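**Student:** Put chain U on the given structure of chain S with help from the hints.
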Amino acid sequence: MSFTEKANAVWAYANPKKFLTTTERVLPVFWILAGACLGVGLVWGFFFTPDDYRQGATVKIIYLHVPSALMAINAWLMMLVTSLVWLIRRHHVSALAARAAAPVGMVMTLIALITGAFWGQPMWGTWWAWDPRLTSFLILFLFYLGYIALWEAIEDPDSAADLTSVLCLVGSVFALLSRYAVNFWNQGLHQGASLSLDKKEHVADVFYQPLVICIAGFILLFIALVLYRTGTEIRARRIRALLARERVGA
Amino acid sequence: MTPDLGKYADTVLSAYGASLLLLLALVALSFWRGRKVRAEMAQVEARVKRNG
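Line by line, the protein sequences are chains S and U.
Just so we're aligned: 16 in the working numbering is position 16 of the first sequence, and the numbers increase by one with no gaps anywhere.
Every position in the second sequence, counted from 1, becomes a number in the working numbering once 1000 is added.
These aren't lab readings, by the way, just hints derived from the structure by calculation.
On a predicted model such as this, the values are computed, not experimentally measured, just so you know.
None of the hints are false.
To spell it out: a stretch of chain S is covered by chain U in this simulated footprint if at least three of its residues, at any positions, have a beta carbon under 8 Å from a beta carbon of chain U; those stretches are:
no., segment
1, 47 to 59
2, 98 to 111
3, 115 to 128
For glycine and all other residues, C-beta sits at the position ideal for the given N, C-alpha and C.
Extracted from the complex, chain U is given alone in its bound form:
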């Protein structure tokens, strides 16, 4: 299945590995912070509503 990358296998696979890792980390961190902020906002809004 994997194409024959010949003597450039390390170069190509390293470039793909590093890039995909960075993209995945960016998406994961965005979701992680998004969820955290959403939960925090719900908490603060509930408190403000409770305290009038």
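With the rest of the complex left out, here is chain S:
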């Protein structure tokens, strides 16, 4: 099979039936792996890592804060890709995948904001500051709310998919700003990246391994949730189509 043929095989999953049968098969694996990684990572991080010499026990918040912040941004980027696929190729499954991912991304953003506030209070002496990264995350959270509200507000699913896709393109600017805000504006309370190729910025090795396992757990949980919820959206769309057909026939 040539590379082009292999690449084209991806589009088979744009068929709702094929998507549902494949995801039903792989979903248990994702649920189990996500649960295992989260269990191991969080137990390791919470119970078996030492306190930080400056931050004390608050460093344990890193195992929730960093993975959720990472997923908050990457969930939106996944929505951007699937929205572009919808706009260009008009595959319903991709628009429904973006819709399914939005509440997951919103919860991840909320977790990042809440854990950040809990962490910031003892370290910075305040729950909140209008720091570039914190502010861009708050705006990202509002974009998630707006995106979900727009899907709910428009009755015609194709129009809703079109408009939410455009909103997603605009919101991507803030998703990227959330990631690079610290680099763009060298001010504010928030530190730089916790995981970096630059060893000076990197978290200490003792915190690194459980953190990577927690990140893997959050990624796997995100994939499992999005696949499951996309299946639900596909079924909900079929119900609407069947009911519409019934009304026309009556």
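**Tutor:** Leaving out everything else, chain U in the frame of chain S:
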């Protein structure tokens, strides 16, 4: 078993409690809606089949 979190115990436990609660609620709501939609689809499909 619980590590000594010292003066930050409330902060750390609150952050973990809130986060795990949100994650559990997200998973539970996803399953609840998934089951509801699946049951509704089976019902509608059966009705459509019956009525031709």
